[in-house]
Amino acid sequence: MIHVSGLTKAFKNVSVLRGVDLDVATGEIVALLGSNGAGKTTLIRILATVCRPDAGTAVINGHDVATAPQQVRESISLTGQFAAVDEALTGRENLVLVAQLRHLPDPRGVADQLLSRFALTEARDRRAATYSGGMRRRLDIAMSLVGRPPVIFLDEPTTGLDPQSRLEVWQLVRELADAGTTVLLTTQDLDEAEHLADRIAILHRGRIIHSGSPAALKRLLPAAEIEYVEKQPTLEEVFLALVGSPTSNVGSPTSNVGSPTSNVGSTAQGE
Amino acid sequence: MSTHVIRDTRVLTGRSLRHILRSPDTIITTAVTPVALLMLFVWVFGGAIHTGSGAYIDYLLPGILLITIASGVAYTAYRLFLDMQGGIFERFQSMPIARSSVLWAQVLTSAVANLLSVAIVTAIAFAMGFRTSASLGAWLGAVGILLLFTLALTWLAVIAGLSAKTVDGASAFSYPLIFLPFISSAFVPTTTMPAPVAWFAEHQPVTSIVDTLRALFAGQPVGGEIWVALGWLVGVLLLAWFWAIALYRRRLR
Chain A
2 MIHVSGLTKA
12 FKNVSVLRGV
22 DLDVATGEIV
32 ALLGSNGAGK
42 TTLIRILATV
52 CRPDAGTAVI
62 NGHDVATAPQ
72 QVRESISLTG
82 QFAAVDEALT
92 GRENLVLVAQ
102 LRHLPDPRGV
112 ADQLLSRFAL
122 TEARDRRAAT
132 YSGGMRRRLD
142 IAMSLVGRPP
152 VIFLDEPTTG
162 LDPQSRLEVW
172 QLVRELADAG
182 TTVLLTTQDL
192 DEAEHLADRI
202 AILHRGRIIH
212 SGSPAALKRL
222 LPAAEIEYVE
232 KQPTLEEVFL
242 ALVGSPTSNV
252 GSPTSNVGSP
262 TSNVGSTAQG
272 E
Chain B
24 MSTHVIRDTR
34 VLTGRSLRHI
44 LRSPDTIITT
54 AVTPVALLML
64 FVWVFGGAIH
74 TGSGAYIDYL
84 LPGILLITIA
94 SGVAYTAYRL
104 FLDMQGGIFE
114 RFQSMPIARS
124 SVLWAQVLTS
134 AVANLLSVAI
144 VTAIAFAMGF
154 RTSASLGAWL
164 GAVGILLLFT
174 LALTWLAVIA
184 GLSAKTVDGA
194 SAFSYPLIFL
204 PFISSAFVPT
214 TTMPAPVAWF
224 AEHQPVTSIV
234 DTLRALFAGQ
244 PVGGEIWVAL
254 GWLVGVLLLA
264 WFWAIALYRR
274 RLR
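From first to last, the protein sequence lines stand for chains A and B. If you count the first sequence from 1, you need to add 1 to reach our numbering. If you count the second sequence from 1, you need to add 23 to reach our numbering.
No lab work stands behind these hints: they were computed from the structure. A couple of the hints might just be wrong.
Now the in silico label distances, taken between C-beta atoms and shown as ranges [stated by the list, open to error]:
1. A:Phe12 <-> B:Arg154: 27 to 33 Å
2. B:Val190 <-> A:Gln189: 25 to 31 Å
3. A:Phe12 <-> B:Ala150: 37 to 43 Å
4. B:Phe223 <-> A:Ser36: 54 to 60 Å
For the chain B half of the interface with chain A, some residues (derived, Cβ under 10 Å), not all of them [said to hold, decoys possible]:
5. His27
6. Asp31
7. Ser46
8. Pro47
9. Gln243
10. Leu275
Computed from a predicted model, the values in this text were never measured in an experiment. Here a beta-carbon is modelled for each residue, glycine too, at the ideal position from N, C-alpha and C.
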């Protein structure tokens, strides 16, 4: 679905991408993992046709970003690092706006459907400026789903979110991939990459230095030694236990993929 | 791609018009300073200014309307800059829309907002004693020239918005534009100025535009001035437009 080879990009004299090769299959969730300045955002921006590469090719859904950007844009949506919502408009107006710009036949119907799916129906007539960080991110992602693009780019989708909102986003991403959407996301959070991604691609100094399933990446290191360590609940687990499960606030409450309790050996915690 | 230009521009113009309707203060604040100037010059300084026969307010209004527009277009630079700062600009760029529609929407919104501000200032001028003997044709001519002036300055504002590094920088470009009418025939006849200043005043665009508007409002023949005015307006409009589009293309890389 996404095929990238030999992609390079420099800003002024600073080389940001130095030959990126990456393939993402349909319905796969791939996490681009890397520290600040590794080039994650630049790569995403090139794939989303917002920025042009210096060399190399990137083909998405059969269309080259350099020669057929408009066709690529039909196949993708970008959720940037900062919520790309119009704060002066209501949640519903934001969704209608995107649906109209995607030339869909029934913008209002599409908007209402997404509002209820993202638990924003109650807040739909409030301006986005009044939304909490988590609601804003949900609206942001909902706007990216308008028109059901087959490929979705999420640039640090959970940065700045509280733990509950973060789990909500994880759950949404899982559901998208289950429905066949291809997801390429960036993160600095190792935990997030491990829980969410089918495959992790580590971007370091402008190159993908390793790519594989979380389990395969772990096998790169020597076999685990067995030690006995008293298992304390993490603060996140304590927090979530105290405030209640986040999955009850959103969409379908059935799936709890990506919750921290899937940690092997973690303290049992009913959900 | 071009088939979507009109539809996308309409949708995006609807969006930014909503911004204006939700915070109509931008239209009001645009009108406040020109109205204050109008009152100051008509009721305080005007008695000592001699512009020949006719009321001073009739002489003054065209220049005040240009000042209104010159300060109003700064909001276009401001809105464009804020869009680019937030993620929404990038979202639009990654969507299958006609790219120029993002700029056209801002320009059309500016035209609507500025004509509203101009209407407010004109209404207040009428209340203060402004009178015109303009025919319908002359009114249309005056509105057309004000619209051209708005479009030319708005494309300059687009350049400022696209190239600004800070919010303040985005709107700072309009200060010289607001000041330009003061060194023209807008407030006093150029014949009263020292020779070098008078030369500048007579050869800068505002004087020909102001003189044309004044003749239209007075119901007099506009003479050759209208061609000078139109030349300036169309020239600046085309130059600013090409420059803005080139800058926009470069920003997309």
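Could one say that the CB atoms of Phe223 (chain B) and Ser36 (chain A) fall in the range 54 to 60 Å? Given range 54 to 60 Å: holds, Cβ gap about 57 Å.
With 10 Å as the cut and Cβ atoms as the points, is Leu275 (chain B) at the interface with chain A? holds, 8 Å
Assessment of proposed distance window 25 to 31 Å (beta carbons of Val190 (chain B), Gln189 (chain A)): holds, 29 Å
Against the range 37 to 43 Å, how does the distance between the Cβ atoms of Phe12 (chain A) and Ala150 (chain B) compare: consistent or not? Since the Cβ atoms of Phe12 (chain A) and Ala150 (chain B) sit about 56 Å apart, the hinted range of 37 to 43 Å is violated.
Taking the CB of Phe12 (chain A) and the CB of Arg154 (chain B), does the distance hold inside 27 to 33 Å? Given a distance of about 60 Å, which is not inside 27 to 33 Å, the answer is violated.
Min Cβ distance, Gln243 (chain B) to chain A: is it shorter than 10 Å? Hint on Gln243 (chain B): violated, closest Cβ of chain A at ~45 Å, above 10 Å.
Hinted contact Ser46 (chain B) with chain A - closest CB pair below 10 Å: holds, 7 Å
Does Pro47 (chain B) meet its interface restraint, that is, does its C-beta lie within less than 10 Å of any C-beta in chain A? violated, 12 Å
Under 10 Å, Cβ to Cβ, is where Asp31 (chain B) needs to be relative to chain A, so tell me if that hint holds or is violated. With a minimum Cβ separation of about 6 Å from chain A (threshold 10 Å), the hint on Asp31 (chain B) holds.
Interface hint status, His27 (chain B) versus chain A (Cβ within 10 Å): holds, 7 Å
Consistency with the previously given hints fails for numbers 1, 3, 8 and 9, ordered from lowest to highest.
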